[in-house]
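Given the coordinates of chain A, assemble chains B and C onto it according to the supplied hints.
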Amino acid sequence: MTVFNKKFKVKSDRIPTFHDVSKQVKEALNESGVNNGICVVYSQHTSCSVIIQEYCHDRNYWGTELLMQDLVTILEKIVPTCRTEGQYLHPGPEHIKFAAGNGEPASWGLNTDAHLRSVILGRSESIPIIEGKLELGEFGFIYFADFDQVRDRERFVMVQIVGE
Amino acid sequence: MTVFNKKFKVKSDRIPTFHDVSKQVKEALNESGVNNGICVVYSQHTSCSVIIQEYCHDRNYWGTELLMQDLVTILEKIVPTCRTEGQYLHPGPEHIKFAAGNGEPASWGLNTDAHLRSVILGRSESIPIIEGKLELGEFGFIYFADFDQVRDRERFVMVQIVGE
Amino acid sequence: MTVFNKKFKVKSDRIPTFHDVSKQVKEALNESGVNNGICVVYSQHTSCSVIIQEYCHDRNYWGTELLMQDLVTILEKIVPTCRTEGQYLHPGPEHIKFAAGNGEPASWGLNTDAHLRSVILGRSESIPIIEGKLELGEFGFIYFADFDQVRDRERFVMVQIVGE
Chain A
-7 MTVFNKKFKV
3 KSDRIPTFHD
13 VSKQVKEALN
23 ESGVNNGICV
33 VYSQHTSCSV
43 IIQEYCHDRN
53 YWGTELLMQD
63 LVTILEKIVP
73 TCRTEGQYLH
83 PGPEHIKFAA
93 GNGEPASWGL
103 NTDAHLRSVI
113 LGRSESIPII
123 EGKLELGEFG
133 FIYFADFDQV
143 RDRERFVMVQ
153 IVGE
Chain B
-7 MTVFNKKFKV
3 KSDRIPTFHD
13 VSKQVKEALN
23 ESGVNNGICV
33 VYSQHTSCSV
43 IIQEYCHDRN
53 YWGTELLMQD
63 LVTILEKIVP
73 TCRTEGQYLH
83 PGPEHIKFAA
93 GNGEPASWGL
103 NTDAHLRSVI
113 LGRSESIPII
123 EGKLELGEFG
133 FIYFADFDQV
143 RDRERFVMVQ
153 IVGE
Chain C
-7 MTVFNKKFKV
3 KSDRIPTFHD
13 VSKQVKEALN
23 ESGVNNGICV
33 VYSQHTSCSV
43 IIQEYCHDRN
53 YWGTELLMQD
63 LVTILEKIVP
73 TCRTEGQYLH
83 PGPEHIKFAA
93 GNGEPASWGL
103 NTDAHLRSVI
113 LGRSESIPII
123 EGKLELGEFG
133 FIYFADFDQV
143 RDRERFVMVQ
153 IVGE
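Chains as they are written, first to last, in our numbering: chain A, -7 to 156; chain B, -7 to 156; chain C, -7 to 156.
Please note: incorrect hints may appear among the correct ones.
Same chains, same label: a pair holds when it works inside one copy or across any pair of copies.
No more than 20 Å apart at the CA atoms, straight line, and that leaves these computed lysine to any residue pairs for SDA-like [unchecked claim]:
1. Lys15 with Asn27
2. Lys(-2) with Asp144
3. Lys15 with Val2
4. Lys3 with Trp54
5. Lys3 with Gly129
6. Lys18 with Trp54
7. Lys(-2) with Gly124
8. Lys125 with Asn52
9. Lys89 with Asp50
10. Lys(-2) with Gln16
11. Lys(-1) with Glu130
12. Lys69 with Gln79
13. Lys15 with Glu127
14. Lys69 with Leu81
15. Lys89 with Arg51
16. Lys3 with Glu130
Because the hints were derived from the structure by calculation, they are not lab data.
In isolation and in its complexed conformation, chain A is listed as follows:
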């Protein structure tokens, strides 16, 4: 039995950003030497998600693939972008005080939309590994989504492989 872990970084922008991390995940699988098992691609960040989707050949002016931009439109309807305190209940006064103790400006707490969007889309995807390959089909790509719009930042993508 092999348990293999790899972390790598992506850099997000101040809009919802979608990173195609398929190549890095496949490299991690090759490094692991695992032929059959399960690959969990995971975000430890609570305003990010991992999703599997088709690659879209067209992008908008911001460089976002159009299918992902359609996803943002849908999410905007369900969970509108947080533009000021009071729009959502979170972050409350105690939360802001706690963050201030960590040296964070209050505005960084106005990412409630990102937290809620990431809950809806989930923290990870689990992908079968068969004969050394990820079962993504012809059209499946792995995206790391960062929904936080209040700041650009480095994020960790985690790959955990269990198999043999």
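Frame of chain A, contents of chains B and C only:
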């Protein structure tokens, strides 16, 4: 290879309830002796979900953390609370008859909203275990959510650990 | 340690279709000989999802269980069925050109709703296996959902089991 299982109970209320079960899951990991692998935190109940989110330092009068209350607000928009039969197609007459055969009052079937909300948020989360620790980052907590509003009840939270 | 894989086919219709695949997944578990571990039921198709829900004893005229039809109603509100090009940004001109190169009519690309719905509901479910049984409780059934409404087609359901 180790496969370790632990079940424990939480008690829900007649509003959407969110139980922080991070401590119990970490205890299960310690008991398992697993250092590297995958931890699945799972709900066998089809009106409950498992989610990973940031802890919120503020609560409302019902004791619900504000970020979770924001989540309830969002879900209420998408999947309104079921207040009477006929609001949703489910439960139909055959379903009610089946439940009656189990001694259940018809009103217990008016939890369609809970079933639908739990489908959107998912049945489980899979968390990487590295060097004996759950990869939850600094801010990740594990919540067991019970969306059933028609009765308070005991629920099982299941932890399944695979690793070595 | 055992890693066991099984694929099987289901045939979808030109409406959102929900296949109860619980029996096939249980058969796969029996074939695997695994007593304790994790079972991932997975869709490699990016317009399909795997969900766990209660069985509903009533169906509509199309044969869809009523709880699943309620789910479709909810999804229709969030992600309306794509009825013509331009309703969503995807598929853009490059994507249509790419598909045409594969011999696909442009209308097959009008399944943006299916892609987005499948992202919201997720690609897979992970189910604990304890003493040779899937932990689905009394009421849990496994459904493979195909949201693509532009054509009826054969789909692969994948079962990946890791355990001992």
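Comparing the hints with the structure gives:
Proximity of lysine 15 to asparagine 27 under the C-alpha cut-off of 20 Å is restricted to the intra-copy arrangement: shortest distance 17 Å within a copy versus 27 Å between copies. In this homomeric assembly, lysine -2 and aspartate 144 never come within 20 Å of each other (Cα to Cα): the closest approach is 23 Å inside a single copy and 39 Å across copies. Taking identical chains as interchangeable, the C-alpha atoms of lysine 15 and valine 2 lie at most 20 Å apart only when both belong to the same chain, with a minimum of 13 Å there against 30 Å between chains. For the homomeric pair lysine 3 and tryptophan 54, the shortest alpha-carbon distance inside one copy (15 Å) is at most 20 Å, but the shortest distance between copies (39 Å) is not.
For the identical chains of this complex, lysine 3 and glycine 129 are inter-copy neighbours only, at 17 Å across copies versus 27 Å inside a copy, given an alpha-carbon limit of 20 Å. For a Cα distance limit of 20 Å, the shortest separation of lysine 18 from tryptophan 54 qualifies neither inside one copy, at 27 Å, nor across copies, at 41 Å. Taking the shortest alpha-carbon separations for lysine -2 and glycine 124, both the intra-copy value of 17 Å and the inter-copy value of 16 Å come in at or below 20 Å. Proximity of lysine 125 and asparagine 52 under a CA criterion of 20 Å is satisfied in neither setting, with 32 Å inside one chain copy and 41 Å between copies.
For a Cα distance limit of 20 Å, the shortest separation of lysine 89 from aspartate 50 across copies, 11 Å, qualifies, whereas the shortest one inside one copy, 43 Å, does not. Only within a single protomer do lysine -2 and glutamine 16 lie at most 20 Å apart by alpha-carbon distance; the minimum there is 9 Å, versus 26 Å between protomers. Proximity of lysine -1 and glutamate 130 under a CA criterion of 20 Å is satisfied inter-copy only: 16 Å between copies versus 25 Å inside one chain copy. Taking the shortest alpha-carbon separations for lysine 69 and glutamine 79, both the intra-copy value of 14 Å and the inter-copy value of 15 Å come in at or below 20 Å.
With identical chains, the CA atoms of lysine 15 and glutamate 127 are at most 20 Å apart within one copy only, with a shortest distance of 14 Å there and 22 Å across copies. When the C-alpha separation of lysine 69 and leucine 81 is checked against a cutoff of 20 Å, the pair qualifies both within a copy, at 18 Å, and between copies, at 16 Å. In this assembly of identical chains, lysine 89 and arginine 51 lie within 20 Å of each other by CA distance solely across copies; the values are 14 Å between and 40 Å within a copy. Taking the shortest Cα distances, lysine 3 and glutamate 130 sit within 20 Å of each other only across copies (19 Å), while inside one copy they are farther apart (27 Å).
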